[in-house]
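Q: Starting from the structure of chain A, add chain B where the hints point.
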Amino acid sequence: MKIVQNSNQNTIYITHLYPQHMSLYGDRGNITVLAYKAKLAGIEVVVQNCSIGEKIDPKAQIILLGGGQDNDQEIIKSDLLKRKNELSDLIGNGSTFLGICGGFQLLGKSYQTADGKEIEGLNFLNMQTINAKPHEKRIIGNAIAESPLFGKLIGYENHGGRTFLPPELKPLGKIVQGGGNNGQDKTEGILTELDKGLILGTYFHGFLAKNPQVANYLLKRFFPSLKMPALSLLESMNQINNLQLNY
Amino acid sequence: MDFVNKLAIWSAQLVFLILSKQSTSAPGLVATKIAPNLLTDILNSFSKPPILITGTNGKSTSTGFLANIFQSAGQEFTHNRSGANLKSGLLTAILKEKNLNNLEQAVLEVDEAVLHSLTSHRKAKLILVNNFFRDQLDRFGEMDKTISLVQKGLNLEPDGVLIANADDPNVCKLKASKIIYFGLSPQVWAGKNNPEIHAAELGHCPICATDLTYKAQWLGQFGDFYCSSCNYQKPKTDITITKLHLQVELSEVEVHFQDTNQKLNLKIPLAGLFNVYNALGAIASAYMVGFSLEQIKAGIENYQPLFGRSQIVNYRNKKLKIFLIKNPIGASEVLRLINLDSRAKVLILINDNYADSRDICWLWDSHFEYLKDKSPIYISGSRASDMSIRLTYAGLDKINYFRKIKTALNAFSDENNDQEHNLYILPTYTALLELTKLLKLEKK
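Protein sequences appear in the order of chains A and B.
Take the first sequence: its position 161, counted from the start at 1, is 161 in our numbering, and no numbers get skipped.
To convert, take the position in the second sequence, counting from 1, and add 1000; that gives our numbering.
The following block holds chain B by itself, in its conformation from the complex:
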């Protein structure tokens, strides 16, 4: 390693000392200023090419599952567990590793716009693309642009593989020399069509722009889709959920592997269909990396959720369930889950800082009508007023508004006895950070 890189690493370590070991971006930012190529130089120094995860929703959870499988199997690897997925965050995560010289591989969650700048310097062994939903359009402009950014970043090793969600028509548009598709068997969803899907979420053919037809549709634009005009359709899946039992706190699934005709039964320790997809993407990736079914099962089943991603925490002897919300599809799925729980009480925290997305119009595309019988709803955050307007139009007449998140949290937990109620908190990203501090929880 050359002198400039060493200098950059020392500087980063200095920043860690000055700020704290918890820094998620600043040390990487400083190091990049000194040695602009440091990140790609480090990636090139690893003996194995990187494994990268990208897409709109669930990157952190998918990466968490996959890293846990790596961990359980005793691999030497680095992983950006903080969820900071821009270049400075990736570098910070790697520089935090104590045994940098012994590492063989990086397993990284990567922002859609950053993928290309990594893979143009070191091709990936495997890239997992979860989904493309509307998210942070104010940052990327428009979604079609995001998809082409990712396509541009799909630089794979000759034996590399793209792991793609077969149920998302946007993802299936991606091209690579080898693709492994994962998804839900349509039989699993038979008779359970989701009536709440908004027209705006219906897919249209990314090839010829005709409206897609669905034999069944289950989550946003996910489903058994085909295009009547150009025959674009849901591809045959290689790794498939063949049985699915969604429960309030976890999901039980059966996964079928086409090439060897094996089946794997396992419990996914997070609630909701979106987490089934997050786990399935990780399972498919781990399988293609070469882990055994036993290793995969262990890594999934003993996974500890990331902070704020379907996590349950204790606060003043109350159990709080925290779900990060940031875009319509993810939020609607969380709301659907809460709707099923007759004992649910809800606190919603909406901020509009840059990391949340400055645009809060997505509240209108999220199905807050699911909370209709959950009055009163507690709200706070810099955009609580927009939230309150949205809830009013969703038919809720009683809303408890708090100027400060701290007061909201205390009122919420004091006024609701968790013997009778299940307490849910739905923060946006920066509200989650504030909540983390309030709950005095260390991020894992």
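The following block holds chain A by itself, in its conformation from the complex:
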């Protein structure tokens, strides 16, 4: 793990991009999890809800862009593209970008909606999302992936788009159950370590709640000496989660 020089001492700054449009399927829960864990470890938390036209907090360390319906993604796209430089500067300086579902798709070159419209993406990653072919179904359901860095990852996926990574990009994990990025090549998500920053994309909703080790990792990048207090109940519930459900 790369440790980011943290000038913010004992505070973590989290920005939630477009919570009004891009927070389908409880994606805001990822913020809740980060904030809860940070507070438990004695770190102060500042959460910014950043809407269309508002300036992103220049101190933002973790930036979340969640999923939205097709028309929501169209609503935010021009505002998002205006932020391209701002966002890439932040990531270049060490911030983490967490994109879930639609927020993951928008990290690539382009994204195609269900009715075939092409939406330009941030182009941070050389990947593309295309629409499902007529005979292909939406990818819906509980999913599991195996990640070299995080071990077993679980989540709930619901997407029509198919994302394809070029060979030079590493997926977050390998699909064990479910559809993942495209229902074909068994890849799930993306994990790209830059010189300083980090880009993490996934189709898994409920991501940090179900995979607390990832939340710990994201916080530890900024607070390496952080002793994460054991969330005994949580972690054991996650065990039950893994054992009992039809995953």
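Each statement offered as a hint is correct.
Straight-line C-alpha distance at most 30 Å; calculated DSBU-like pairs for lysine-lysine: (1) A:Lys220 x B:Lys1372; (2) A:Lys137 x B:Lys1033; (3) B:Lys1326 x A:Lys152; (4) A:Lys55 x B:Lys1215; (5) A:Lys117 x B:Lys1152; (6) A:Lys137 x B:Lys1145; (7) A:Lys152 x B:Lys1404; (8) A:Lys133 x B:Lys1145; (9) B:Lys1152 x A:Lys137; (10) A:Lys39 x B:Lys1372.
Since the hints were made in silico from the structure, they are not lab data.
A: Positioned in the frame of chain A, the structure of chain B alone reads:
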């Protein structure tokens, strides 16, 4: 009626005999296999066109209120009281009627995706649309699609009417040749803004997609909204709540009827603002059908709740209050109600079977933080583990987890004395069915 239809009806009756009179879908399913047009043929045989209720939340309760008004006024009609609202469920409910030949009209709660397949064969006299919230997105894909499905299904008789919730910007997008709007007078909510509304629930203009501005907002995206860019706004209401007094077990309201400038004071025998909307939709519909204010008042005030919809049941000498939860807005409203009750103890049952929605991410959009001082919370169901994670992050440190719903129910009722506590159970749909069996209660 032709031979195929008769054969289908006989088969359905046979299925009723084999299974039980309580079947809610199977007989209709069998009959449809034999005579695919049976449902629409029966609807066409009624002398009056149907009255249909659709939307995301509260369909069953609204339909229940409306049917009770019909009943109190002595009408001959059929009604799917089981809440099964897909085609097979509608047909089953109708075939269950003993006096099918004497019926004049159907009052049906209809799934959003089914509406069109009914009204394309028999136009409706009246369609009530309650609201469009996020619910079961895994089934419908995305909400905009649900709204256009309903729009497509708005086939009304020439003198037919759409009864629409004026406070929901999603519903106001619907078009019809005649629309009667119902809603809350903004004055009623003055000074009571709901601070817990999540950003994701804020509405945006369904016409031009700009973020909506609210002079006041009270329940999810419901409120006194307008769009600063295209002037889309809350329409003038025809039937309006002008006074509102929410209490723990019921609500007192004053309803104003614009066309005749009459006022009606009545008690809604269910708790919570969402039930005020459910009742108001039924009141507006009944008024447009032509019932008198006295008939409407009687039908609302003597209404017996459906099982699991704000119902109070007795179990081992304890009073249990049962609220079905299935999506963020509905759940948050129930939680807000419980938050007001300092003596509340809570059992939450979360399943993820198909009828519940396989997706339980909605737990994260529901405001479980309202339960902060209600520890310990009792939980069970196939997704109790997700519930427990959600509650932990909501700041609750003590959670009593039970693998089986039965053990959870017994521990919950044994460990809490209802002289000191008010016992609330919050199940998802299939957990409610299991609970029903455990409580040995017949569905009404």
